[in-house]
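S.K.: Each chain is listed here by its residues.
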Amino acid sequence: GQQVMQIPQYQHVQEGEDFTTYCNSSTTLSNIQWYKQRPGGHPVFLIQLVKSGEVKKQKRLTFQFGEAKKNSSLHITATQTTDVGTYFCAGNSGGYQKVTFGTGTKLQVIP
Amino acid sequence: DGGITQSPKYLFRKEGQNVTLSCEQNLNHDAMYWYRQDPGQGLRLIYYSQIVNDFQKGDIAEGYSVSREKKESFPLTVTSAQKNPTAFYLCASRATSTDTQYFGPGTRLTVL
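In order, the protein sequences belong to chains E and D.
All letters in the first sequence, in the order written, are residues 1 to 111 by our numbering.
All letters in the second sequence, in the order written, are residues 112 to 223 by our numbering.
Extracted from the complex, chain D is given alone in its bound form (with noise of 0.2 angstroms):
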């Protein structure tokens, strides 16, 4: 069964603490996406990869990191450095000979 796995779905931290949300993809697309939506907003890029072992800072790159060392996993780590960390992170993927992206279903990061 191909697609995007997000995991968890919902994920509670504390203020000062690091958390990393997983995203894996089957579907063999070079490219892969992080997205911020806050309640009622559109997505926001937060980093892209465009192929293993290269990525790029998108709109709202502060307080995150990334690593592409395999192809199929994309993870996002949101550091204490991030000042409102609550929000939907989305993670997307692309076929390097389309602009479609196929979503995950999501991590609902909550910070206490």
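Extracted from the complex, chain E is given alone in its bound form (with noise of 0.2 angstroms):
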């Protein structure tokens, strides 16, 4: 079946460094989604990626998508404390009704 990774799996970074997380999927997607959540919270939705070599930005945020989606990227911009949480990206393959969720990157920001 159809299996995403992420790496790292835990990343502390210094206030104000860079961050990047990578999603790997086994198969080729038809779209791929990242979320966010904080420590005891639930998932939230960030950003959806359609095309093949497509980037998306917001804020401090970068989404990136492979040309041969297959993978993808999260970066951030001179972290925040507030950017702590742990990044799940989720694709979907298509013909399923179901996403497949990443193993998660858990962000430690240190003031």
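The hints are simulated quantities; they were obtained by calculation from the structure and are not laboratory data.
Only a predicted model underlies this, so the values are computations on that prediction, with no experimental measurement involved.
Be aware that a few hints might be false.
[Stated by the list, open to error] If you want a taste of the chain E side facing chain D, the calculated C-beta under 7 angstroms gives, among others:
#: 1; residue: 31
#: 2; residue: 42
#: 3; residue: 43
#: 4; residue: 45
#: 5; residue: 92
#: 6; residue: 99
#: 7; residue: 101
#: 8; residue: 103
#: 9; residue: 104
We put the CB at the ideal spot given by N, CA and C, even for glycine.
Taking the hints as your guide, dock the two standalone chains into a single complex.
M.R.: Dropping the structure here:
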């Protein structure tokens, strides 16, 4: 079945440093979504990417979908303590009614 | 106020008892999902439903059961057959035209 892996599993950064998490799928994806889960909370939708090579930005967050549509990345510029949480990617291979969530990257920002 | 509600937020049960977790949505979404999350882990799909009166097993359905009698409701029963039921349970819904899922606040189940 489809597998979606994320690296790194954990990341500690000093406030102001950049952060990147990578998402890799075993199959080609029709689209990919990114979610953020704050400690003790539930996942909240951030963005969806659909096109090959697509890049989208949300303030300090930059999302990229690979050319082969099998990988994606989330980059945060100049992290803040409000960025703390676990970031999940979720991919849909098409023809299915469910998405597969990645393993998640837990970000800790040290003030 | 639209959204997804799950109740209760915390639930404690004795081993061997069945327990039903509630999930209600007023977003008029057709698809609904149940996930399980263990500490430091990702989300694992238990069951999902695309329409009323229809549902499919996810990756870890053993020991769980669901029903979808109404569009708004998708309750999950954790049966005594589930070997390790203590976990954080998340319900989500999705509109037909998108893959975006909207999550409820979750229920933390502890089996003593």
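S.K.: All hints, please: hold or fail.
M.R.: Verification of the hints:
| no. | hint | result |
| --- | --- | --- |
| 1 | 31 | holds (6 angstroms) |
| 2 | 42 | holds (4 angstroms) |
| 3 | 43 | holds (5 angstroms) |
| 4 | 45 | holds (5 angstroms) |
| 5 | 92 | holds (5 angstroms) |
| 6 | 99 | holds (6 angstroms) |
| 7 | 101 | holds (4 angstroms) |
| 8 | 103 | holds (5 angstroms) |
| 9 | 104 | holds (5 angstroms) |
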